[in-house]
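Peer 1: Two chains, two frames, some hints: make the complex.
Those sequence lines, one after another, are chains A and B.
For the record, in the first sequence the residue sitting at position 151 is 151 according to this note's numbering, with numbers rising by one throughout.
For the record, in the second sequence the residue sitting at position 125 is 125 according to this note's numbering, with numbers rising by one throughout.
Rather than coming from a laboratory, the hints here were simulated on the basis of the structure.
There may be inaccurate statements among the hints.
Claimed, not checked - Restraint-style ranges between C-beta atoms, simulated for each label pair: (1) A:Ala160 with B:Pro14: 17 to 27 Å; (2) B:Arg179 with A:Gln102: 49 to 59 Å; (3) B:Ala17 with A:Gln102: 23 to 33 Å; (4) B:Leu70 with A:Met107: 33 to 43 Å; (5) B:Asp118 with A:Ala92: 41 to 51 Å; (6) B:Lys18 with A:Gly73: 20 to 30 Å; (7) B:Val107 with A:Ala7: 47 to 57 Å; (8) B:Val56 with A:Asp163: 19 to 29 Å; (9) A:Ala92 with B:Ala168: 58 to 68 Å; (10) B:Asp118 with A:Phe11: 44 to 54 Å; (11) A:Lys101 with B:Leu70: 29 to 39 Å.
As the structure is a prediction and not an experimental result, all values here were calculated from the model.
Think of the CB as a built atom: it goes at the ideal place given N, C-alpha and C, for glycine as much as any other residue.
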Amino acid sequence: MGPDPFAMRAFRILTGVLLIVWLVLPLVPLAIWSFARGWRFPDLLPQEWSLKAWSYALSDTSGVVDSLGLTIGISLGVTVLSILVGVPAGRALGLYQFRGKQAVELMILAPTIVPGIAVALGIHSVFIALGLTNTIPGVMLVHLVPTLPYMVLVMAGIFANFDPSYEAQARSLGAGPVQTFWYITLPAILPGIIVGGMFAFLVSWSQYILTLLIGGGRVVTLPLLLFNFAASGRNDITGAIGMIYILPGLLILLVTARHLSGQNGAVGGFGRL
Amino acid sequence: MTHVSIKSLTKTWPGAAKPSLDRLSLEIPSGELTALLGPSGCGKTTTMKMIAGLLVPTAGDVTFDGRSILKDKPEDRGVVMVFQNYLLFPYMSVADNIGFGLKMRKVPKAEIAARVADMLALVKLPDLGRRRPSELSGGQQQRVALARALIVRPKVLLLDEPLSNLDAHLRFEMRDLIRSLQRELGITTIFVTHDQEEAVVLADRVALILDGSLRQYDKADVFYKRPADEAVARFFGGHNFVPGRSEGGVFHSGLGALNLPEDARAGPGKLTFRPESVKIGAANENTVTARLIDRIYLGTQTRLRLVAGDVDIEAVLSPDLVEGLEIGADVPICLPRQSLWVLE
Numbered sequence: 001m002g003p004d005p006f007a008m009r010a011f012r013i014l015t016g017v018l019l020i021v022w023l024v025l026p027l028v029p030l031a032i033w034s035f036a037r038g039w040r041f042p043d044l045l046p047q048e049w050s051l052k053a054w055s056y057a058l059s060d061t062s063g064v065v066d067s068l069g070l071t072i073g074i075s076l077g078v079t080v081l082s083i084l085v086g087v088p089a090g091r092a093l094g095l096y097q098f099r100g101k102q103a104v105e106l107m108i109l110a111p112t113i114v115p116g117i118a119v120a121l122g123i124h125s126v127f128i129a130l131g132l133t134n135t136i137p138g139v140m141l142v143h144l145v146p147t148l149p150y151m152v153l154v155m156a157g158i159f160a161n162f163d164p165s166y167e168a169q170a171r172s173l174g175a176g177p178v179q180t181f182w183y184i185t186l187p188a189i190l191p192g193i194i195v196g197g198m199f200a201f202l203v204s205w206s207q208y209i210l211t212l213l214i215g216g217g218r219v220v221t222l223p224l225l226l227f228n229f230a231a232s233g234r235n236d237i238t239g240a241i242g243m244i245y246i247l248p249g250l251l252i253l254l255v256t257a258r259h260l261s262g263q264n265g266a267v268g269g270f271g272r273l
Numbered sequence: 001m002t003h004v005s006i007k008s009l010t011k012t013w014p015g016a017a018k019p020s021l022d023r024l025s026l027e028i029p030s031g032e033l034t035a036l037l038g039p040s041g042c043g044k045t046t047t048m049k050m051i052a053g054l055l056v057p058t059a060g061d062v063t064f065d066g067r068s069i070l071k072d073k074p075e076d077r078g079v080v081m082v083f084q085n086y087l088l089f090p091y092m093s094v095a096d097n098i099g100f101g102l103k104m105r106k107v108p109k110a111e112i113a114a115r116v117a118d119m120l121a122l123v124k125l126p127d128l129g130r131r132r133p134s135e136l137s138g139g140q141q142q143r144v145a146l147a148r149a150l151i152v153r154p155k156v157l158l159l160d161e162p163l164s165n166l167d168a169h170l171r172f173e174m175r176d177l178i179r180s181l182q183r184e185l186g187i188t189t190i191f192v193t194h195d196q197e198e199a200v201v202l203a204d205r206v207a208l209i210l211d212g213s214l215r216q217y218d219k220a221d222v223f224y225k226r227p228a229d230e231a232v233a234r235f236f237g238g239h240n241f242v243p244g245r246s247e248g249g250v251f252h253s254g255l256g257a258l259n260l261p262e263d264a265r266a267g268p269g270k271l272t273f274r275p276e277s278v279k280i281g282a283a284n285e286n287t288v289t290a291r292l293i294d295r296i297y298l299g300t301q302t303r304l305r306l307v308a309g310d311v312d313i314e315a316v317l318s319p320d321l322v323e324g325l326e327i328g329a330d331v332p333i334c335l336p337r338q339s340l341w342v343l344e
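The shape of chain B in the complex, shown without the other chains (with noise of 0.2 Å):
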């Protein structure tokens, strides 16, 4: 169990005019799955190398415990990377790969093969210890590779895209396979990802990094329902932006007056709402008439786009509460007063 804190760090490369990591600061508690997410190119992955040891920031801290590791060599910080493309040695079979870490630190060779038989079952591999890394699936590969990283327990493990290189069958499994094992062995993992979708099945808490800079570190869900800000909410998928004034609980723009939940800050800003909160049919309060102008059907779920007065409005509902709609028709809709959030 190790308490991860991340300090300041920067990381700007020779020549560069801004750093590609700007003073990043995270707490990431003991045993937490914590997800780096952002566009690629945003300093997730510098993040990810320099507490591995592969890279050396320009300033800022990392400690473990309370005990920084930056002096310590790669080998010595208990830090196990796991890359997105495995990177499997090609020479060693899958058991010697598994084993390599435990080699390493020259453990016996009984109690590696012993250690490496109880890897191969934990991730479901157990009759594959003989093959070749190049034999197996890409799925297969990842378990080894996560096997290999886990057999020597590291204090902190991190994963580079864990499931973006896997199909959309395999991508639950492994999700569940991570997360299980990391629930049971208790081990502080951090991992990068550039797709929302994966932070949020995956990870206890989401730290946003955009442009070199971490602009909301929290569960989840607080990034659909609270975003800090209109970069993080068109990140999640965030449509409706409405400009206007909060004032004593109530919101004042082109949608009218509509009130807000307790929370919400006041003065000048804009309204936001997620596309899947937006309800049809009126209500006790928060209804506004707006004009249906398309939709798209798109399976299990129905994207409408509606104009109320100037305000563009995107709405996302089941196909069978729409399906009586018209296109060009008025309708009344209601935006939940708790689905409601103000923006600076």
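Isolated chain A (complex conformation) (with noise of 0.2 Å):
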């Protein structure tokens, strides 16, 4: 007997229900701001609607456009970068045994669970030895320290269940090791690199604390454009650029709702975290 159909469809509905209202529901004022001219207690809606907002945020004098290139730039740079450190200590940690792999997969986890400021303040001290506080190559290299981790366990998760026979085979039958990996290996693990990747871009699209330590406010990303104008008040220019900063998270969120059931491979690997 397999699950009740009638409880799986409830149960699927009430979770659609409170994604919603724990995703959708909090932006809804943010969005409406965006397009107030005044919003005072206790009117339910804006007296007046402008788009003034927007077009400021659009504008070049607000930075918000430079800001957004540069913020994309590195979030790209750091999920390749996480994907090239990542796929091959996912395969060293889902394929093979080997001594002190339970202390290497420890340190991988160490940074979700040390707060960040710390790793941060101790990760400065050396950037400034090797100049690289203040830099954009700064920032993308601390960002790796939260997004490696997803990117490892997604990827041991999906090694686990590869069998590397299928390589040994390739290469009897005359591939090459690059073919190996192209045409056996890559279709294997692509999901993962994909599941992986995109959580590795949108952590580090949401990085605060550690652009802003390691960046010393010469590198302005969309989160810190965004934490100064809230800061200052402006509730409606606010809402335009939050509007823009979560337009990825929601996009990758569509496109791989389906994928991200738990019965994935690639999300296998979260059991641990």
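Peer 2: Set out below in structure tokens:
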């Protein structure tokens, strides 16, 4: 007997409702603010509507467009670096037994346990010595601290279900190491790379403290800009930037919602988080 | 056509006390089908992987037509290994699986398509090219795996337990297919198996490996008639071992004096004979009286347990030959001279 189809359906509707309540509803006031001229208590809706906040946000003077480009660039770069490090590391953890494996797993998980600011302060002094503070490469490197645990764990889960004999078979049929990776390994681990890569992108996209400390205020990504406007009380502009800021997360959620069911091997690795 | 020589091939895993394969030497004639037979863990799959280049040997050499291949990369050796669980690539269609080796060799697409179609016909799966591997039965998957290996025209084909995952009725079909393809293409083929029946039905020659070392390398029937030692005889289902002494072509033991074949060794040793070679009824020579202890009906044959003096004898006969025999009765049995063999 499989699960009761009626109960499954009810459960699915319930999770859908909860998702909307938690994720979409909090954004509604933000969206309304971005089109409001003035919105005072106790009115349910703004007295006057306006596109001023949006035209300011998209103008050159606000710096939002530049910052958006920079943030996309940093997050994409961090995603690529995470994949380059995470795939081999995940393979080692998922496929092979070696001495000190548990210690390595713990070290990879450590950044998710230790507060980010503590890590960042330590890294800061090292980066000063290396001349990486206040630079974009420095910010990208420090973003790897929170992104790598996700990437490595997702890939370890994927590789735990991968039979390396397929690679041996391909070699035996005449494929070189690069061809073997491209035709055999990559298709098998691609779901993990996509899911892990999207997590890495979003984690990098939402970094505030690490960017602020290592970037030293010179590398102004979107969250930093958003925080500046929020702190200065410009709710309408904050709302507009906030809308832009949540866009990639929303897009990724829409694209992947179907695949994040937990039955997917790529998400299985999170059981260990 | 490739003559394969294995010379003192040895594999010792790091930290292991004794080698898992100890100085294996074999000459595998060009175009022959050879079985590496042995219980699981005896080092036979290790041997195959070293030939395929998937494992590095600790010592020894493997040559093809006199040239060492150990320094060649796996993809350059001209060796294709077919794994026991087939390992069809799940993301590719059957046709893409079969054409994989040609694609890696940058063969033009049109030629790949034509040769894949030929191969599908050869393994009798002409209409299944577009299917996914997961849609095929076990026997069909094995044919695809075989086709995928043969299409690149390997110098040496390695098969890992090629019949063991198949149902009884499929085994003979696949055996015939492997034999006919191998003959037709003349590819030197080595396969490993733990099943002596699989080795005997498929191979020209059998190499029996026990505990990591070669015990006997011969045509299949020799293992039954002239085993090298007791362990070999037991592996091939031998039960009868009688200690005694061979002198002047006669074996003296608890069974009395029995005439031996001309090529039997002299001196103290163990007499052995196949359970199937025991005959009921007296004859001109080598007749022994034995008491029937037990009989087990096995359908196409009956297994008898007999005692002659203090010697246990096991015999396997056609059921209709032993119909009237009663347990506890004394039965004259004959051990034909040519069926006897003396072990060290």
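Peer 1: Compare the structure with each hint and give your call.
Peer 2: Hint check:
no.: 1; hint: A:Ala160 with B:Pro14: 17 to 27 Å; in the structure: holds (24 Å)
no.: 2; hint: B:Arg179 with A:Gln102: 49 to 59 Å; in the structure: holds (51 Å)
no.: 3; hint: B:Ala17 with A:Gln102: 23 to 33 Å; in the structure: holds (28 Å)
no.: 4; hint: B:Leu70 with A:Met107: 33 to 43 Å; in the structure: holds (39 Å)
no.: 5; hint: B:Asp118 with A:Ala92: 41 to 51 Å; in the structure: holds (42 Å)
no.: 6; hint: B:Lys18 with A:Gly73: 20 to 30 Å; in the structure: violated (59 Å)
no.: 7; hint: B:Val107 with A:Ala7: 47 to 57 Å; in the structure: holds (54 Å)
no.: 8; hint: B:Val56 with A:Asp163: 19 to 29 Å; in the structure: holds (21 Å)
no.: 9; hint: A:Ala92 with B:Ala168: 58 to 68 Å; in the structure: violated (43 Å)
no.: 10; hint: B:Asp118 with A:Phe11: 44 to 54 Å; in the structure: holds (53 Å)
no.: 11; hint: A:Lys101 with B:Leu70: 29 to 39 Å; in the structure: holds (32 Å)
The earlier numbered hints that this structure contradicts are 6, 9.
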